[in-house]
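Undergrad: Please put together the full structure from these sequences, using the hints given.
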Amino acid sequence: MRTTDLLAFTWGAATGHRLRSALLVLAMSIGVAAVVTLTALGDGARRYVMREFSAIGTNLLIVLPGRNATGGVNAGSFVSATPRDLTVDDARALQRLPGVRAVAPIAVGTSELSAGGRLREGTMVMGTTADYLQVRRLQVGQGRFLPEDDWDRGAPVIVLGAKVRDELFGSENALGRFVRAGGRRLRVIGVMASSGSGLGMNTDEMAIVPAPLALALFNTNTLFRILIEARDRASLEPAKTRVAELLQARHEGEQDVTVITQDAVLATFDRLLGTLTLGVAGIAAISLAVAGILVMNVMLVAVTQRRAEIGLLKALGATGATIRNAFLAEAALLSAAGALSGYLLGVAGAAVLRQMYPEFPAYPPDWAVLAGLGTALVTGIVFGVMPARRAARLDPVQALSQR
Amino acid sequence: MPSGADVSSAAGTALIELAGIERVFMLGDSRVRALASVDLRIDAGEYVAVMGPSGSGKSTLLNVLGLLDRPDAGTYRFEGRDVTTLDANAQAHVRAHRIGFVFQSFHLVPRLTAAENIALPMVLAGVAARERAERVKQALRDFGLNDRSDHRPDQLSGGQRQRVAIARATVMRPALLLADEPTGNLDRATGDEVVRLLEALNAQGVTLVVVTHDKALGDRARRRVGMEDGAVRSDVAQPGAADTPAARDPSSIEPAAG
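Protein chains in written order, with the numbering used here: chain H, 614 to 1016; chain S, 391 to 648.
Mixed in with the good hints there might be a few duds.
Derived Cβ-Cβ restraints for the label pairs, each shown as a range [claimed, not checked]:
1. Ala621(H) <-> Val414(S): 38 to 44 Å
2. Gly470(S) <-> Leu957(H): 21 to 27 Å
3. Thr616(H) <-> Glu412(S): 40 to 46 Å
4. Arg1002(H) <-> Ala463(S): 27 to 33 Å
5. Glu412(S) <-> Leu620(H): 40 to 46 Å
To be clear, the hints were calculated from the coordinates, so they are not data collected in a lab. Quick reminder that beta carbons are idealized off the backbone N, C-alpha and C, glycines included.
TA: What follows is the structure, encoded as structure tokens:
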């Protein structure tokens, strides 16, 4: 049988059994589309987090209370008990170190905010200093940010996130009004610009107060973090050493804090989210396997249905090889069609995700696309050819008589 | 390779020589001898009807003759060559080039048009597209199917379908044409027309073996082989039986309407 004839015959067979071919292509494309879209989601999450972290500010050092032996971060470094307080004064002392541009202490807690009879429960309140704006590259929408150099007074002022402002004041002007938090009256001096993004920690739903005030509100002495921005990339590592040394000196020689660079955080998140992507890819692989089983079933039924045709072809002089080739070509054609349409579907799905969440870079990783397409083609062809091989080995009279 | 002496034959060269052919099927626990030590010689150009009640082994004989089924024992020489020992591919080659089949239920590929069905053996044998087109055109003309070339089997009448099947069986110009109850699914008039078509092909030199339990059809053959319980019980030559109605060119046969 000539190749062009084989292809024409195959095309006829595939389009002649419309429902079966459509089912097969559908199953295959759903599997591939699942792989492409889900890995785009997973990888998009990874990239998004990476980008968000980069946006916190470059050349960033993070001081955590508690000693972590490896110097990296793990789940424990976010929850571990604090052996010694990391204080506002510690943060203040760090300001004077060479190579340090800005220092922002961070204390967090949740509180109930109320204003003019409106109540907002469980609002995240963050205590920090004026430098926070610089370190996190944030914008104030209205009014101004926290006063400079408020390290120990703790002025009774508050800066609201855009959403918190809306919920407490509606359409009214918030600037100059008072908000009650933990029994204190705080004057609204500014409103953060809406960041718009919907994932992660978001200033829209936060209220920001001076760090000393926050510590008083939450009745604690210790900071959650200190963020330090180094002057440039080159001064990052020396600054890290100096910060560690200074804090050790201030804590009576105890190494009870952990200083990490943003790179370490990024690397950790990269690893964590890479694992997430793999997990998602695993789920997608299951859907692809299900698609493969569907393909197997459809092909099995197809070959069984067409045993009479196989018998006829043999009676007309087709060799076993010709019949195998015909089914191989058909399986390859259908799998390729399924894989391709699945790929397009998946890419379209990822595009829709990006359309819905413009800041979310949902692009499928290359390895996932290749693995998805490869698996689809291989399962389709293998499961298509296996039953055909069996049929091709039959004596023609057996094949002919089974209808 | 004429085998020479004893077999009585005026026509000359042997096309088919069966010796001690056995075919056994297992039906549940019981062994059924579908063919029991069959010896048969058919010369080139003969017109043979194989007759017998159902279960007599006549269809199995036809399948063995057409290399659709393998005998369990015995030798089958086709055109002087032992074909029982050929491998599957060589047998496929013989089927493709030397043997044509006509089935009771036509066995046309439903998704292919009449012309494509006729071309199928040539496609499988790798005949070039241009030559194929010419031969299909010729076949369509010969069998009165000119205006039906683009019709699919479900758009054709029974007689037309069988004519497509016969055109397909003969398009490779085989030496042997095997027909299994070729009129079984057709009414009398259409059946007669199909038989005349087959006989006309025989008159042109194709060896024709028809399996049937229709006595009227069997009586038309010049030689009638009667089978019973897997064995040949009678073998009667009746020279000239089919000469009168059908010794004509197939192209001159008028196709029945619809």
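Undergrad: Indicate, hint by hint, whether the structure satisfies it.
TA: Going down the list of hints, with the structure as the test:
Roughly 41 Å separates the CB atoms of Ala621(H) and Val414(S), a value that falls within the hinted 38 to 44 Å. Against the hinted window of 21 to 27 Å, the Cβ-Cβ separation of Gly470(S) and Leu957(H) comes to about 60 Å, which falls outside the hint. Separation of Thr616(H) from Glu412(S) is about 41 Å and conforms to the stated range, judged on CB atoms against 40 to 46 Å. The supplied range of 27 to 33 Å is met by Arg1002(H) and Ala463(S), whose beta-carbon atoms lie about 28 Å from each other.
Range check, Glu412(S) to Leu620(H): about 43 Å between beta-carbon atoms, so the 40 to 46 Å window is met.
When the structure is compared with the earlier hints, a violation turns up for hint 2 alone.
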